[in-house]
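Enquirer: Could you put together the complete structure from these sequences and hints?
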Amino acid sequence: MLKDITLGQYFPSNTVVHRLDPRTKIVLCIVYIICLFQANTWLAYGLVLALTLSVMALSKIRPSAILKGLKPLIIIIALTCLLNLFYTKGTPIREGWPITYEGIERAVQMILRIVLLIAGTFILTYTTSPIELTDGLELLLNPLKRLKFPVHEVSMMMSLALRFIPTLIEETDKIMSAQKARGADFESGNLIQRAKALLPVLVPLFVSAFRRADELAVAMESRCYHGGEGRTRMNPLKMKKADAFAFILGALVLAGFIILRILL
Amino acid sequence: MPEIKVEGLSHVYSPGTPFEKVAIDGIDLETEHGELVGIIGHTGSGKSTFIQHLNALLQPSSGRILYNGEDINATKASRRNIKYKIGLVFQYPEYQLFEETVFADIAFGPKNMKLGEEEIRERVYEAASFVGIDQDYFDKSPLELSGGQKRRVAIAGVIAMRPDVLVLDEPTAGLDPEGCRQILSNICEYRKETGSTVFLVSHSMDTVAEIAERIIVFNNGNISFNAKPEEVFAHAKELEDMGLSVPAPTLIAESLKAKGLPIDGPVYTHEKLLNEILKAKGANKDA
Numbered sequence: 001m002l003k004d005i006t007l008g009q010y011f012p013s014n015t016v017v018h019r020l021d022p023r024t025k026i027v028l029c030i031v032y033i034i035c036l037f038q039a040n041t042w043l044a045y046g047l048v049l050a051l052t053l054s055v056m057a058l059s060k061i062r063p064s065a066i067l068k069g070l071k072p073l074i075i076i077i078a079l080t081c082l083l084n085l086f087y088t089k090g091t092p093i094r095e096g097w098p099i100t101y102e103g104i105e106r107a108v109q110m111i112l113r114i115v116l117l118i119a120g121t122f123i124l125t126y127t128t129s130p131i132e133l134t135d136g137l138e139l140l141l142n143p144l145k146r147l148k149f150p151v152h153e154v155s156m157m158m159s160l161a162l163r164f165i166p167t168l169i170e171e172t173d174k175i176m177s178a179q180k181a182r183g184a185d186f187e188s189g190n191l192i193q194r195a196k197a198l199l200p201v202l203v204p205l206f207v208s209a210f211r212r213a214d215e216l217a218v219a220m221e222s223r224c225y226h227g228g229e230g231r232t233r234m235n236p237l238k239m240k241k242a243d244a245f246a247f248i249l250g251a252l253v254l255a256g257f258i259i260l261r262i263l264l
Numbered sequence: 001m002p003e004i005k006v007e008g009l010s011h012v013y014s015p016g017t018p019f020e021k022v023a024i025d026g027i028d029l030e031t032e033h034g035e036l037v038g039i040i041g042h043t044g045s046g047k048s049t050f051i052q053h054l055n056a057l058l059q060p061s062s063g064r065i066l067y068n069g070e071d072i073n074a075t076k077a078s079r080r081n082i083k084y085k086i087g088l089v090f091q092y093p094e095y096q097l098f099e100e101t102v103f104a105d106i107a108f109g110p111k112n113m114k115l116g117e118e119e120i121r122e123r124v125y126e127a128a129s130f131v132g133i134d135q136d137y138f139d140k141s142p143l144e145l146s147g148g149q150k151r152r153v154a155i156a157g158v159i160a161m162r163p164d165v166l167v168l169d170e171p172t173a174g175l176d177p178e179g180c181r182q183i184l185s186n187i188c189e190y191r192k193e194t195g196s197t198v199f200l201v202s203h204s205m206d207t208v209a210e211i212a213e214r215i216i217v218f219n220n221g222n223i224s225f226n227a228k229p230e231e232v233f234a235h236a237k238e239l240e241d242m243g244l245s246v247p248a249p250t251l252i253a254e255s256l257k258a259k260g261l262p263i264d265g266p267v268y269t270h271e272k273l274l275n276e277i278l279k280a281k282g283a284n285k286d287a
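So the sequence lines, in the order shown, correspond to chains A and B.
Be aware that the first sequence starts at 1, since it is given in our numbering, and climbs by one per residue.
Be aware that the second sequence starts at 1, since it is given in our numbering, and climbs by one per residue.
Rather than coming from a laboratory, the hints here were simulated on the basis of the structure.
The beta-carbon is built from N, C-alpha and C at its ideal position, and this holds for glycine as well.
Don't take every hint at face value.
Said to hold, decoys possible - Only pairs whose alpha carbons sit at most 27 Å apart, straight line, appear in this in silico BS3-like list of lysine-lysine: (1) B/K76 - A/K196; (2) B/K140 - A/K196; (3) B/K5 - A/K174; (4) B/K111 - A/K174; (5) B/K279 - B/K257; (6) A/K196 - B/K21; (7) B/K140 - A/K174; (8) B/K111 - A/K196; (9) A/K174 - B/K257; (10) A/K60 - B/K85; (11) A/K68 - B/K21; (12) A/K174 - B/K85.
Unchecked claim - Ranges of calculated distance between the beta carbons of each label pair, as one might list FRET restraints: (13) B/G63 - A/L70: 30 to 38 Å; (14) B/P15 - A/I131: 51 to 59 Å; (15) A/A242 - B/F19: 50 to 58 Å; (16) B/G63 - A/I165: 28 to 36 Å; (17) A/A255 - B/Q91: 55 to 63 Å; (18) A/L199 - B/E126: 44 to 52 Å; (19) A/H152 - B/Q91: 32 to 40 Å.
Expert: Rendered as structure tokens:
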């Protein structure tokens with residue numbers, strides 16, 4: 001069933017990580033990615049891994065949740081692993097074999113890199129609600145307003161899109177059931193037949209998406225929405241002590257990684 | 001032999017996850033051919049989940065459903081064929097219209113049954129006349145029609161498959177009183193002419209009370225009542241506890257009775273109420 005797809009894995013809780021300002025979390029997530037891509041030694045990878053695990057523990061994420069998020073990427077991970085395994089030059093593990101010691105090392109590091117990258121961003125979306133995320137992003141991108149970049153509009157579009165994903169999934173589910181009840185068959189036939197079979201779903205789905213857009217526009221206008229100019233917030237974001245602490249920690253980690261890179 | 005037999009049917013959504021929810025919890029049910037069964041229940045009582053089992057859109061977590069003695073989920077072919085035997089009209093069916101013309105949309109079901117062109121044409125005409133859609137509309141886009149017309153076209157799309165059992169989920173939701181009345185009379189007419197079984201799902205007691213011969217009340221995934229309307233509506237207190245109300249005519253009759261008017265027997269349709277009041281007034285005059 002379509003309903004079983006989990007999108008926006010936000011899981012409400014009240015841990016330190018959940019309470020951090022979304023801006024802090026976004027910036028730290030970027031710092032984390034920089035550190036991860038800097039890493040070129042086992043020591044560095046080990047440190048990133050330890051960092052990830054401790055933040056996961058702090059935000060009370062079960063490792064199984066992250067493994068579930070990795071499932072759809074298993075092909076990409078396997079492919080990267082194989083390519084690195086066979087196409088890295090170096091000393092073969094046995095005479096005439098295409099696999100080298102360097103290849104094994106690279107392959108393992110690549111898998112680690114992808115898994116850690118996903119784990120890091122997963123922590124961000126797991127501990128931050130979509131609304132907080134877009135709010136944080138809007139404020140972070142605010143300086144771009146000077147360059148006439150429509151920051152508020154873009155972030156509003158993002159929150160609306162996020163808001164309507166579950167609604168549209170539910171709607172697709174409903175329309176598919178209704179057409180199945182009239183004998184529509186989505187499971188058999190070749191690719192072209194299957195694509196054609198989707199038409200009875202897509203047409204009503206688009207019609208209803210346009211209808212919803214129209215209704216939403218009216219609802220927003222009747223509540224005097226007129227873009228970002230002069231708009232205030234019900235819950236303004238505020239940096240707290242924990243955020244300052246997190247920033248200092250992040251800066252130290254980044255500095256540490258740069259020094260590590262220079263020294264080794 | 002009962003036409004539809006439900007044995008120990010249960011359905012669990014998202015089993016094994018934190019979102020696990022038991023929607024139906026072991027229900028048993030039998031219906032005979034030609035019955036008009038009303039199904040009522042509060043939102044989330046499991047009635048919509050139940051009817052999606054009737055034509056194998058959902059598979060039971062446990063239990064089974066027999067149609068004329070055969071398990072509808074036995075094979076892939078039986079799951080497919082049952083959809084033509086038991087026609088299901090969803091809530092707000094007008095949102096599923098997709099073809100360019102009204103004719104093509106009504107013909108979608110018969111076409112999926114791989115019928116001949118002539119047969120399809122005949123069925124479309126027949127189905128359209130059941131729901132009172134004029135042939136002048138056949139070449140129009142479904143999107144041009146009014147809300148009530150769209151809904152009737154969508155119902156015709158299911159009727160055109162000539163199902164032996166017609167299941168309608170909230171067919172009158174969101175329509176004006178005139179539209180409601182029209183759809184209900186279309187349904188009654190259809191049943192009278194074809195002799196098919198009709199399941200009518202609604203949360204509105206008044207709708208169900210007007211036409212149903214038997215009422216099944218769903219509550220928390222179980223069947224609380226399964227009886228004739230007058231027997232079900234005698235349990236006003238229990239119904240209220242389930243967040244359901246008794247039909248307005250019953251309420252009026254009850255308060256008139258409390259005021260001392262001689263009102264006879266169970267009252268749950270507008271017609272019966274009117275007769276009883278007229279009778280009571282006549283009786284008063286005589287006295």
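Enquirer: Run every hint past the structure and note whether it holds.
Expert: Here is how each hint holds up against the structure:
1. B/K76 - A/K196: 22 Å, holds
2. B/K140 - A/K196: 23 Å, holds
3. B/K5 - A/K174: Roughly 26 Å separates the two Cα atoms, so the pair holds.
4. B/K111 - A/K174: Since the Cα atoms of B/K111 and A/K174 sit roughly 21 Å apart, the hinted pair holds (cutoff 27 Å).
5. B/K279 - B/K257: 13 Å, holds
6. A/K196 - B/K21: Measuring from Cα to Cα gives roughly 34 Å; hence the hint is violated.
7. B/K140 - A/K174: 25 Å, holds
8. B/K111 - A/K196: 14 Å, holds
9. A/K174 - B/K257: Violated: A/K174 and B/K257 sit about 46 Å apart, past 27 Å.
10. A/K60 - B/K85: At roughly 51 Å apart (the allowed maximum being 27 Å), B/K85 and A/K60 break the hint.
11. A/K68 - B/K21: 21 Å, holds
12. A/K174 - B/K85: 20 Å, holds
13. B/G63 - A/L70: 30 to 38 Å: 36 Å, holds
14. B/P15 - A/I131: 51 to 59 Å: 30 Å, violated
15. A/A242 - B/F19: 50 to 58 Å: 31 Å, violated
16. B/G63 - A/I165: 28 to 36 Å: Taking Cβ atoms as reference, B/G63 and A/I165 lie about 34 Å apart, which means the hint holds.
17. A/A255 - B/Q91: 55 to 63 Å: Because 60 Å falls inside the window, the suggested range holds.
18. A/L199 - B/E126: 44 to 52 Å: 26 Å, violated
19. A/H152 - B/Q91: 32 to 40 Å: Between A/H152 and B/Q91, where Cβ atoms are some 37 Å apart, the hint holds.
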